[in-house]
Amino acid sequence: DGGITQSPKYLFRKEGQNVTLSCEQNLNHDAMYWYRQDPGQGLRLIYYSQIVNDFQKGDIAEGYSVSREKKESFPLTVTSAQKNPTAFYLCASSIKRERGYEQYFGPGTRLTVT
Amino acid sequence: RKEVEQDPGPFNVPEGATVAFNCTYSNSASQSFFWYRQDCRKEPKLLMSVYSSGNEDGRFTAQLNRASQYISLLIRDSKLSDSATYLCVVHLQGAQKLVFGQGTRLTINP
Chain A
268 DGGITQSPKY LFRKEGQNVT LSCEQNLNHD AMYWYRQDPG QGLRLIYYSQ
318 IVNDFQKGDI AEGYSVSREK KESFPLTVTS AQKNPTAFYL CASSIKRERG
368 YEQYFGPGTR LTVT
Chain B
894 RKEVEQDPGP FNVPEGATVA FNCTYSNSAS QSFFWYRQDC RKEPKLLMSV
944 YSSGNEDGRF TAQLNRASQY ISLLIRDSKL SDSATYLCVV HLQGAQKLVF
994 GQGTRLTINP
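Protein chains in written order, with my numbering: chain A, 268 to 381; chain B, 894 to 1003.
Please keep in mind that the hints were generated in silico from the structure rather than gathered at the bench.
One or more hints might be untrue.
No more than 16 Å apart at the CA atoms, straight line, and that leaves these computed lysine to aspartate or glutamate pairs for EDC-like [said to hold, decoys possible]:
(1) 350(A) <-> 321(A)
(2) 972(B) <-> 898(B)
(3) 935(B) <-> 975(B)
(4) 990(B) <-> 369(A)
(5) 990(B) <-> 326(A)
(6) 938(B) <-> 975(B)
(7) 990(B) <-> 297(A)
(8) 338(A) <-> 321(A)
(9) 276(A) <-> 291(A)
(10) 895(B) <-> 297(A)
(11) 990(B) <-> 321(A)
(12) 363(A) <-> 297(A)
(13) 338(A) <-> 305(A)
(14) 938(B) <-> 369(A)
(15) 337(A) <-> 291(A)
(16) 935(B) <-> 305(A)
(17) 338(A) <-> 297(A)
Selected chain B positions facing chain A (Cβ under 7 Å, derived; list incomplete) [unchecked claim]:
(18) 922
(19) 925
(20) 937
(21) 941
(22) 942
(23) 974
(24) 975
(25) 984
(26) 989
(27) 990
(28) 993
(29) 995
In this text, all values refer to a predicted model and were calculated from it rather than measured experimentally.
No residue lacks a Cβ here, since even glycine has one placed at the ideal position from N, Cα and C.
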């Protein structure tokens, strides 16, 4: 089955530690995205990548870093510089249809930093 | 002003009722429009694209009004399983990213 996988589902870290969230897709989509969602809030774009070895900052990139060495993979590192890292992190990929881009999401990783 | 605005709700309606949500967007260059559904503590899932001519998928009807810059979603004969948060999403022309509204929370009551 084609899809987007994120691991782990739940992640707990101590403050001051960097942590890397995994995102893999086998949909052959060119573009991939990372969002953050806080309770009762909408999705905020962290980083996105349109092709391998290229990525752009989203609206809230500070304290995060990404890489795109392979088409299938787009890992996100939450660094110790991120002031409020506890959140629900969603990875997505997109494909261009006749009427525009459709975006599909992985199941998400819930990160708790204490 | 937010790029995409939705009434956060919550909307509480009885099973079988018809319910409608609106969403407004600020950028007239917006090109494509979508409704996503998000269940509690789950990822958003694409519900339907919104076409200029309006489109229907079973009990769901989506409409686009470019002149007034709003999108609507109508759910007929609502089911308990329709309870979720509905996200309005806009794609800007020339950009390969989507802008999400904060969502409208819907609860269908038995």
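Structure-based check of each hint:
1. 350(A) <-> 321(A): Not OK: residue 350(A) and residue 321(A) at ~26 Å, beyond 16 Å, violated.
2. 972(B) <-> 898(B): 25 Å, violated
3. 935(B) <-> 975(B): Holds - the C-alpha atoms of residue 975(B) and residue 935(B) are around 14 Å apart, at most 16 Å.
4. 990(B) <-> 369(A): Distance ~10 Å between residue 990(B) and residue 369(A) Cα, so the pair holds.
5. 990(B) <-> 326(A): With a Cα-Cα distance of about 11 Å, the restraint between residue 990(B) and residue 326(A) holds, given a limit of 16 Å.
6. 938(B) <-> 975(B): 13 Å, holds
7. 990(B) <-> 297(A): Status holds; Cα separation ~12 Å.
8. 338(A) <-> 321(A): Given that 16 Å is the threshold and the Cα spacing comes to 11 Å, the pair holds.
9. 276(A) <-> 291(A): 13 Å, holds
10. 895(B) <-> 297(A): 28 Å, violated
11. 990(B) <-> 321(A): 15 Å, holds
12. 363(A) <-> 297(A): Judged against 16 Å, a Cα distance of about 9 Å means the pair holds.
13. 338(A) <-> 305(A): Outside the cut-off at roughly 28 Å; violated.
14. 938(B) <-> 369(A): 10 Å, holds
15. 337(A) <-> 291(A): Judged against 16 Å, a Cα distance of about 10 Å means the pair holds.
16. 935(B) <-> 305(A): The given pair, whose Cα atoms are some 13 Å apart, holds under the 16 Å limit.
17. 338(A) <-> 297(A): Since the Cα atoms of residue 338(A) and residue 297(A) sit roughly 7 Å apart, the hinted pair holds (cutoff 16 Å).
18. 922: Violated, about 13 Å.
19. 925: Since chain A brings a Cβ to about 3 Å from residue 925(B), closer than 7 Å, the hint holds.
20. 937: Since the shortest Cβ distance to chain A is 5 Å, the answer is holds.
21. 941: 10 Å, violated
22. 942: Holds - the Cβ of residue 942(B) comes within 7 Å of chain A, reaching about 6 Å at its closest.
23. 974: Status violated, d = 19 Å.
24. 975: 19 Å, violated
25. 984: 5 Å, holds
26. 989: 5 Å, holds
27. 990: Because about 6 Å separates residue 990(B) from the closest Cβ in chain A, which is inside the 7 Å limit, the hint holds.
28. 993: The hint holds - residue 993(B) has a Cβ within 7 Å of chain A, the shortest such distance being about 4 Å.
29. 995: 4 Å, holds
Of the hints listed earlier, those the structure fails to meet are numbers 1, 2, 10, 13, 18, 21, 23 and 24, in rising order.
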